[in-house]
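Chemist: Since the structure of chain E is provided, determine the placement of chain H on it from the hints.
There are 2 protein chains.
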Amino acid sequence: MRMPSPTWRPSLDRALEGNSRSHQHRFVQLATVRPDGRPAVRTLVFRGFLGDSSDMVFTTDARSAKCAEIRRSPEAEICWYFAGTREQFRLYGGVRLVDASLDEHLHEARVLHEARRDTWRALSDETRASFAWPTPGEPRDPGFAFPTTPPDAETPLDSFALIVFWAREVDHLVLDGNPQHRWKYVADSSGRWSGQEVNP
Amino acid sequence: MRMPSPTWRPSLDRALEGNSRSHQHRFVQLATVRPDGRPAVRTLVFRGFLGDSSDMVFTTDARSAKCAEIRRSPEAEICWYFAGTREQFRLYGGVRLVDASLDEHLHEARVLHEARRDTWRALSDETRASFAWPTPGEPRDPGFAFPTTPPDAETPLDSFALIVFWAREVDHLVLDGNPQHRWKYVADSSGRWSGQEVNP
Numbered sequence: 001m002r003m004p005s006p007t008w009r010p011s012l013d014r015a016l017e018g019n020s021r022s023h024q025h026r027f028v029q030l031a032t033v034r035p036d037g038r039p040a041v042r043t044l045v046f047r048g049f050l051g052d053s054s055d056m057v058f059t060t061d062a063r064s065a066k067c068a069e070i071r072r073s074p075e076a077e078i079c080w081y082f083a084g085t086r087e088q089f090r091l092y093g094g095v096r097l098v099d100a101s102l103d104e105h106l107h108e109a110r111v112l113h114e115a116r117r118d119t120w121r122a123l124s125d126e127t128r129a130s131f132a133w134p135t136p137g138e139p140r141d142p143g144f145a146f147p148t149t150p151p152d153a154e155t156p157l158d159s160f161a162l163i164v165f166w167a168r169e170v171d172h173l174v175l176d177g178n179p180q181h182r183w184k185y186v187a188d189s190s191g192r193w194s195g196q197e198v199n200p
Numbered sequence: 001m002r003m004p005s006p007t008w009r010p011s012l013d014r015a016l017e018g019n020s021r022s023h024q025h026r027f028v029q030l031a032t033v034r035p036d037g038r039p040a041v042r043t044l045v046f047r048g049f050l051g052d053s054s055d056m057v058f059t060t061d062a063r064s065a066k067c068a069e070i071r072r073s074p075e076a077e078i079c080w081y082f083a084g085t086r087e088q089f090r091l092y093g094g095v096r097l098v099d100a101s102l103d104e105h106l107h108e109a110r111v112l113h114e115a116r117r118d119t120w121r122a123l124s125d126e127t128r129a130s131f132a133w134p135t136p137g138e139p140r141d142p143g144f145a146f147p148t149t150p151p152d153a154e155t156p157l158d159s160f161a162l163i164v165f166w167a168r169e170v171d172h173l174v175l176d177g178n179p180q181h182r183w184k185y186v187a188d189s190s191g192r193w194s195g196q197e198v199n200p
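Going line by line, the protein sequences match chains E and H.
Heads up: the first sequence begins at 1 in our numbering, then just goes up one per residue.
Heads up: the second sequence begins at 1 in our numbering, then just goes up one per residue.
It is possible that some hints are incorrect.
Some chain E residues judged to face chain H by a derived CB distance under 7 Å, without partners named [as the list claims (entries may be wrong)]: (1) Gln-24; (2) Ala-31; (3) Val-33; (4) Glu-75; (5) Glu-77; (6) Cys-79; (7) Gln-88; (8) Pro-134; (9) Gly-137; (10) Gln-196; (11) Glu-197; (12) Asn-199.
Simulated restraints, written as ranges between beta carbons of each label pair [what the hints assert, rightly or not]: (13) Ser-189/E to Thr-7/H: 46 to 52 Å; (14) Pro-35/E to His-23/H: 36 to 42 Å; (15) Ala-153/H to Gln-180/E: 20 to 26 Å; (16) Arg-110/H to Ser-22/E: 41 to 47 Å; (17) Val-111/H to Ser-189/E: 46 to 52 Å; (18) Arg-14/E to Ser-190/H: 50 to 56 Å; (19) Arg-38/H to Pro-4/E: 22 to 28 Å; (20) Ser-20/H to Val-111/E: 44 to 50 Å; (21) Gly-195/E to Ser-189/H: 45 to 51 Å; (22) Gly-48/H to His-107/E: 52 to 58 Å; (23) Asp-125/H to Glu-169/E: 30 to 36 Å; (24) Glu-17/E to Arg-192/H: 47 to 53 Å; (25) Pro-35/E to Ala-132/H: 41 to 47 Å; (26) Arg-71/H to His-107/E: 44 to 50 Å.
To be clear, the hints were calculated from the coordinates, so they are not data collected in a lab.
Just so you know, even glycine gets a beta-carbon here, dropped at the ideal spot from N, CA and C.
Same shape as in the complex, but just chain E (with noise of 0.2 Å):
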């Protein structure tokens, strides 16, 4: 059965489409939890929504330290500030990587498949490059020439890797306005949205 669109979809729709001038509309923070316990937090780029559904997508290599946080604690908060309509999205919920361990044979698994290779077609074919680096974080070797032909555009690297967000509980800000207006929606354990409006 598919579930009708969240209720804050509408806001997020507009918000995009609004500030879709500036090429900074598809940047978000992610934060996570380090396996110690730590916040963390980065900025990723949004990718689109995964199918007909309000997932978001996003692309990581499978490498970086937000994998082994993502993989021991399967939640974020993303922070998506529009600064053209002066507005912030908070999306709290879960979320999934999608590398190349995926079963594609698994029926769930094979939109996350087809997903993962459309978005690496997608890439520009230097992001494609900076997947066959040296793992990122570790010490850079100055002698190391980092290579610059684009792998292939029909298969993914091993190193590359989808993450797959999808919300239950969204906080939206709009900051023009005196007072300003923030709304706060829900989902319950079916999946079913209700919001009401909160102080700013």
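Modeler: Structure of chain H alone, referenced to chain E:
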């Protein structure tokens, strides 16, 4: 004894200077851990460094969820993306709240007390008025008129607090260039910084 300026500080000062035409260059994302261990992140405005240190000052409503998080788990990561120069700083470190309960007669507290008062003075009337509003995040009463008369500019309301953050680890990523450049800096237990270039 005054510590020397951290080795990453000149890079951050250059980024602040190089992006100063955009009013967004002072927006950062602060990630914390909620009392139940889940990640949280939101956008804050950088209000400046504390005195001649590299401690960073932000403002908050003392009734907001992030204050409860900081009181329980006084560690945070800041993500600071500069769009104009395409670079990101991730700063990990300690964080404390400076609110009305601070005993200003303690020597260390005097600087913080003055910073709270000076930061309050520097806010706009509109922002000062927002600290007299009902508790952030609670359901909004549609019949309630939010006060717009600004409170006294000399006396911070009890709901006004500073967040003071001091870094212990810094990760600086510069996206221009192929390959990009990335550096990591770490402070030892005596506060001395060391840095090295790492793989992007």
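Chemist: So, for every hint listed, does it hold in this structure?
Modeler: We went through each hint and held it up to the structure:
| no. | hint | result |
| --- | --- | --- |
| 1 | Gln-24 | holds, 5 Å |
| 2 | Ala-31 | holds, 4 Å |
| 3 | Val-33 | holds, 5 Å |
| 4 | Glu-75 | holds, 6 Å |
| 5 | Glu-77 | holds, 5 Å |
| 6 | Cys-79 | holds, 4 Å |
| 7 | Gln-88 | holds, 6 Å |
| 8 | Pro-134 | holds, 5 Å |
| 9 | Gly-137 | holds, 5 Å |
| 10 | Gln-196 | holds, 6 Å |
| 11 | Glu-197 | holds, 5 Å |
| 12 | Asn-199 | holds, 5 Å |
| 13 | Ser-189/E to Thr-7/H: 46 to 52 Å | holds, 50 Å |
| 14 | Pro-35/E to His-23/H: 36 to 42 Å | holds, 37 Å |
| 15 | Ala-153/H to Gln-180/E: 20 to 26 Å | holds, 21 Å |
| 16 | Arg-110/H to Ser-22/E: 41 to 47 Å | holds, 43 Å |
| 17 | Val-111/H to Ser-189/E: 46 to 52 Å | holds, 49 Å |
| 18 | Arg-14/E to Ser-190/H: 50 to 56 Å | holds, 51 Å |
| 19 | Arg-38/H to Pro-4/E: 22 to 28 Å | holds, 26 Å |
| 20 | Ser-20/H to Val-111/E: 44 to 50 Å | holds, 45 Å |
| 21 | Gly-195/E to Ser-189/H: 45 to 51 Å | holds, 47 Å |
| 22 | Gly-48/H to His-107/E: 52 to 58 Å | holds, 55 Å |
| 23 | Asp-125/H to Glu-169/E: 30 to 36 Å | holds, 33 Å |
| 24 | Glu-17/E to Arg-192/H: 47 to 53 Å | holds, 49 Å |
| 25 | Pro-35/E to Ala-132/H: 41 to 47 Å | holds, 42 Å |
| 26 | Arg-71/H to His-107/E: 44 to 50 Å | holds, 46 Å |
Checked against the numbered hints above, the structure breaks none of them.
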